[in-house]
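Dock chain to chain to rebuild the complex, using the hints, since each chain is given by itself in its own frame.
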Amino acid sequence: MAYNIVVLAKQVPDTKAVTGKAMNDDGTVNRSALPAIFNPEDLNALELALQIKDDNPGTKITMMTMGLPSACEVLRQGMYRGADRMILVTDRRAAASDTLATSYILSCAVKKLGKVDMVICGRQAIDGDTAQVGPQCAEKLDIPQITYVQELLDLKDQTITIKRSVGAGWEKVQCQLPVVLTVLDTANIPRPVAARKMMKFKKAHSAMELAKADKADLADALKAKGLLIEEWNLDHIEADLQWCGRDGSPTKVNRIQSVVLAASGHKKIEPTEQGLRDMIHELIEDHTIG
Amino acid sequence: MKKRKYKMIEVNRQGEVWVFAEQYEGSLGEVPLELLGRGRLLADKLGVKLSAVLAGNKVDTLVDELAAFGAEKIYHVENTDLAHYQTISYTKVLCQLIEKHKPQIVLFGATAIGRDLAPRIASKMRCGLTADCTDLQIEDFTEPRTKEVHSNLLQQIRPAFGGNIIATIINYDRWPQMATVREGVMPMPERNENAKAEVVKETVSISPEDLAIKILEQHREAKKVNLKASRIIVAGGAGVGSKEGFKHIWDLANALGGVPAASRAAVDLGFIDHDYQVGQTGTTVRPALYIAVGISGAIQHTAGMSDSAKVVAINCDPDAPIFGVANFGIVGDYTQVIPKLIKAIREKA
Ligand SMILES: Cc1cc2nc3c(=O)[nH]c(=O)nc-3n(C[C@H](O)[C@H](O)[C@H](O)COP(=O)(O)OP(=O)(O)OC[C@H]3O[C@@H](n4cnc5c(N)ncnc54)[C@H](O)[C@@H]3O)c2cc1C
Ligand SMILES: Nc1ncnc2c1ncn2[C@@H]1O[C@H](COP(=O)(O)O)[C@@H](O)[C@H]1O
Numbered sequence: 020m021a022y023n024i025v026v027l028a029k030q031v032p033d034t035k036a037v038t039g040k041a042m043n044d045d046g047t048v049n050r051s052a053l054p055a056i057f058n059p060e061d062l063n064a065l066e067l068a069l070q071i072k073d074d075n076p077g078t079k080i081t082m083m084t085m086g087l088p089s090a091c092e093v094l095r096q097g098m099y100r101g102a103d104r105m106i107l108v109t110d111r112r113a114a115a116s117d118t119l120a121t122s123y124i125l126s127c128a129v130k131k132l133g134k135v136d137m138v139i140c141g142r143q144a145i146d147g148d149t150a151q152v153g154p155q156c157a158e159k160l161d162i163p164q165i166t167y168v169q170e171l172l173d174l175k176d177q178t179i180t181i182k183r184s185v186g187a188g189w190e191k192v193q194c195q196l197p198v199v200l201t202v203l204d205t206a207n208i209p210r211p212v213a214a215r216k217m218m219k220f221k222k223a224h225s226a227m228e229l230a231k232a233d234k235a236d237l238a239d240a241l242k243a244k245g246l247l248i249e250e251w252n253l254d255h256i257e258a259d260l261q262w263c264g265r266d267g268s269p270t271k272v273n274r275i276q277s278v279v280l281a282a283s284g285h286k287k288i289e290p291t292e293q294g295l296r297d298m299i300h301e302l303i304e305d306h307t308i309g
Numbered sequence: 608m609k610k611r612k613y614k615m616i617e618v619n620r621q622g623e624v625w626v627f628a629e630q631y632e633g634s635l636g637e638v639p640l641e642l643l644g645r646g647r648l649l650a651d652k653l654g655v656k657l658s659a660v661l662a663g664n665k666v667d668t669l670v671d672e673l674a675a676f677g678a679e680k681i682y683h684v685e686n687t688d689l690a691h692y693q694t695i696s697y698t699k700v701l702c703q704l705i706e707k708h709k710p711q712i713v714l715f716g717a718t719a720i721g722r723d724l725a726p727r728i729a730s731k732m733r734c735g736l737t738a739d740c741t742d743l744q745i746e747d748f749t750e751p752r753t754k755e756v757h758s759n760l761l762q763q764i765r766p767a768f769g770g771n772i773i774a775t776i777i778n779y780d781r782w783p784q785m786a787t788v789r790e791g792v793m794p795m796p797e798r799n800e801n802a803k804a805e806v807v808k809e810t811v812s813i814s815p816e817d818l819a820i821k822i823l824e825q826h827r828e829a830k831k832v833n834l835k836a837s838r839i840i841v842a843g844g845a846g847v848g849s850k851e852g853f854k855h856i857w858d859l860a861n862a863l864g865g866v867p868a869a870s871r872a873a874v875d876l877g878f879i880d881h882d883y884q885v886g887q888t889g890t891t892v893r894p895a896l897y898i899a900v901g902i903s904g905a906i907q908h909t910a911g912m913s914d915s916a917k918v919v920a921i922n923c924d925p926d927a928p929i930f931g932v933a934n935f936g937i938v939g940d941y942t943q944v945i946p947k948l949i950k951a952i953r954e955k956a
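Residue numbers (the numbering used here), protein chains in the order written: chain A, 20 to 309; chain B, 608 to 956.
Quick caveat, the hints were computed from the structure, so don't treat them as lab data.
Mixed in with the good hints there might be a few duds.
As the list claims (entries may be wrong) - In the DSSO-like style, the derived pairs of lysine-lysine whose C-alpha atoms are separated by at most 27 Å in a straight line are:
no., chain 1, residue 1, chain 2, residue 2
1, A, K286, B, K955
2, A, K175, B, K821
3, A, K271, B, K955
If we strip away everything but chain B, and leave its shape as in the complex, we get (with noise of 0.2 Å):
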């Protein structure tokens, strides 16, 4: 079989916002409706449709879901060949309905699925991608040199150099711009009982050679904590110390209805799980409390809990860069200001 070529897209302001509607057997996860949340901004600001892409083996339950969740329009395509997502038969429906439909834009969760799709996909367009985004916007582009002003330029915004550096991607002349966004960094848009979407339906034919991989076996574990969804998280460090003193950060998670939480040192240690770890290699959070005890604040952990509205430091060492972060700053021992700190919730001062 000879490789199948597609027709770049090129730049059409028409083009509508994808999100690809990732999902496991039949059940979406959080990720594509976090993408469709920021997919609403963009595509209002665009004034075009944001439209989800949802592929697999019975999956038409989902599009109601998708469509309280904010996609205007929705592209199913059904197919038994589809039901165990593999790299090659979805790079096809993708790139099939690319081709057609021209969207502008084309999201994906930077997910084991979505990380391991938008390349391939981005390879046969032959189009740009920008890997773990924690940012889109919209904007124009002058370029420096020839002062042409490329207008309403998706602008992905991203750490790259060890979370040393964030820098802002875009390409304006190969389309779709695509980009996969990294898990929890987006809000999760307000659920829309009544919103309803318009179907369009797709067919794509799936050959042998499509379905290169045979999957033997498939597990998913359950994930055991849920950091992202918490609102209030206390965090410790490798100045907690030991696993015994970590029973302080569980007693003032719980007396505040909050989940522990943990810097990548303090996993390390085997203080506790790295389900628990926050930062660029963990979980990015945005609770609307952070509390940080025994953290120095190195950026890499910084990078995934710097957007909490509030954040609360306990630290021994006055000049430990979480400082520079928090809102409340603690100098303290935690073994005592912990103790302290539960007393006066306690109390409800």
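Okay, chain A solo, but in the shape it has when bound (with noise of 0.2 Å):
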């Protein structure tokens, strides 16, 4: 049977590559000093499409995206892997959205698309680590969702049997399509780009990309090749204002501190016998040992 399934994939500042050029002198990261990437748990969600649609020919795998022109990277790295269709969501007024508002939107999205079978999250993104947005789509889209997907068991027709992993456990479970899933990155090892694909797609832009390099005319001829990344804005996906965005966020980020250690300047002790046991002895005088 043939699958309509949407990756959602975020383009990510790289949290490992922080160092101390990316903090800004308040205490804020200064994004742009660091390598956007693919936010590595939704290489494991796109893995787990790819493989569902390895096993059932004709099923349909849209990468979609909220942010910035510049995330269109993730839509093509999303296609030189196997994906099929690629969905830019952008716009100015969905600036400073938190989870609720991300999630208010993407599913206005997805609503766009009509039948969807499954919707393909990460199980977070490494910029927040909050692993809201998942369960927050499944609930504006009204429909049931699986988190912290290990392993897909079975599909069948419309039924999907999954195992979870919860903490200190796990979990086989079974609903009916349409679903959400949100996948763990010990769920699989994402394939690598197919060099056929990459050669084909890496052609593939969105008009805003166009626009911004100067080359709009190249619009139609990349639209007949089935390589202009689709654009969306908020009026197309009928999404109510009220909802996005700034005013469509309930939290709102009061302070940031960057964190730098306590440098409480620490004694120093000689790695001696003596030296040990004054220090053993000092542990004992404040009964932290007994």
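The structure is reproduced here in structure tokens:
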């Protein structure tokens, strides 16, 4: 049986690469100083979708991301691995959306696609580590969610069976499609890009990308070849503006502090028998050890 | 069936502080009790009641337990259909109670269940939710632009951006203020055997579409170690070099009556099991004594141990960042230092 799958993928700053240079003086992070990458667990989400497609010919995978025009890169990366369609949800009025507003906007975009069998997300995005967008999309779409997906055990017609990991243990669960899945990094090993597909889809661009490169006239030619990345704004997806962007976001950031380790000025202990004995003595004196 | 809409909650200063009493097969983990501890402080500061929400099948035995750890009021929902946690049925329970009683704060553990449930509720109630908080405080907030003062807001404090920043999140217009709280970061309150709570029985009808998921099989593995409960932790890192080298870590832990632990690098190298990992993606610990051996002190590691009362660092590199969070720093090769240290402990100075 063929399925319609949407993979929600986010472009994130590579938080592993944070160095002093990436921090502003006010303690905020200078995102532009960090490389932008495909959110790692979203690659696991994509891999799960691709495996379903491998086993179910005719299955169609739509890559969807909400972000700046530069986020088109994750859409292309999806195509290099075997996805079928690219949608960039982008709108200035969506800026400053928290997870609630983001999931509202993404759910409007998913609804616009018509019948969808599975929406597959990563467990969490490394910039915020919230793991909220998946479940919140599921609620907005009014369909069940299966979080922490470890393994797809079975998919038959309209029934999916999943092994999910729940911290200290696991469970096997089953439900009817449609469903939202959030996938763990331990679920699979994402496949590398396919060279042929990469040759073809690296030419894919959105209208905004073309405009920025002064190549707006190429749009029609790209479209004819299926290489024009679709751009949807809040009007296209019929989103109610009161639930989008800053207004639609109940959470506000009060403060940001950069983590400067408490430079407590430690006491230096000589690695000699006497030095260590003195330290142990001190720890006994103040009841740290008995 | 048409999607049920719930009324949004507006700011109400009389609203209670709620703790979701997560339970598995009739027993509470440590998390709801830790939440009650912090909930107590928040409720006292606000001058409102601290309540627990308990849902399940035959969970009435947990009422006394919740009272003993500080719940003044317990909303108790019994239903055979709530025997096993499921997202949609439990979301219904919480949303129905939140709409009816309008709490100002609702806290969940940042557990597999809490992180599955809380976002679904926040989406239904159209309120804010902050994930994985490591601290919660009550404070006024002045809006920088309008100078409007919002008094007594829940400050939801959490690491973000891979642990490189600490963000304080608030929500001042759409309530309840909800947060999931990381396991093991809030101290466990004292048990008070004599404390009693008012029990409010509530009924929520669960229909078949609320049980969309069929649970075919469930397995819970008993955690092999309980780092959180340990007063003394001896943690080894990549610098320990080998599984054999880790024997020094076990020996020192044993000599001190503590438990061993590890950095992620040591776990990845196979020196010790993942259950022993401390840090952002491991366990957060706050022991009386933390001895870091051959650990460089990466931010993702210190995020999980910097609240320790005393930190001893043993590292051959005098510039290792771990010394920045240490009370005692020993520059040296651990294979030389640990045997001497064990000797000193045996002699009791
Ligand atoms: C998203 C993310 C999450 C992470 N989560 C965690 C987490 O939860 N926990 C965690 O620990 N890490 C975590 N990390 C990894 C973290 O960034 C570090 O890579 C890790 O903590 C390093 O471990 P280490 O200090 O043991 O190893 P290293 O950084 O390799 O340090 C080894 C140290 O041992 C010292 N040494 C070597 N030989 C000796 C000797 N003979 N005697 C004494 N000292 C010696 C060296 O001087 C060095 O300082 C995470 C990383 C990312 C990106
Ligand atoms: N802006 C976005 N565009 C597309 N998908 C997103 C976006 N934000 C979050 N997601 C999806 O939701 C998951 C959880 O994100 P988060 O709640 O931010 O941790 C991610 O792994 C993505 O699959």
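Here is how each hint holds up against the structure:
1. K286(A) x K955(B): Holds - the C-alpha atoms of K955(B) and K286(A) are around 21 Å apart, at most 27 Å.
2. K175(A) x K821(B): Holds. K175(A) to K821(B) sits at ~15 Å (cutoff 27 Å).
3. K271(A) x K955(B): Given pair K271(A), K955(B) is violated - Cα atoms ~53 Å apart, limit 27 Å.
Violated hint: 3 only; the structure is consistent with all others.
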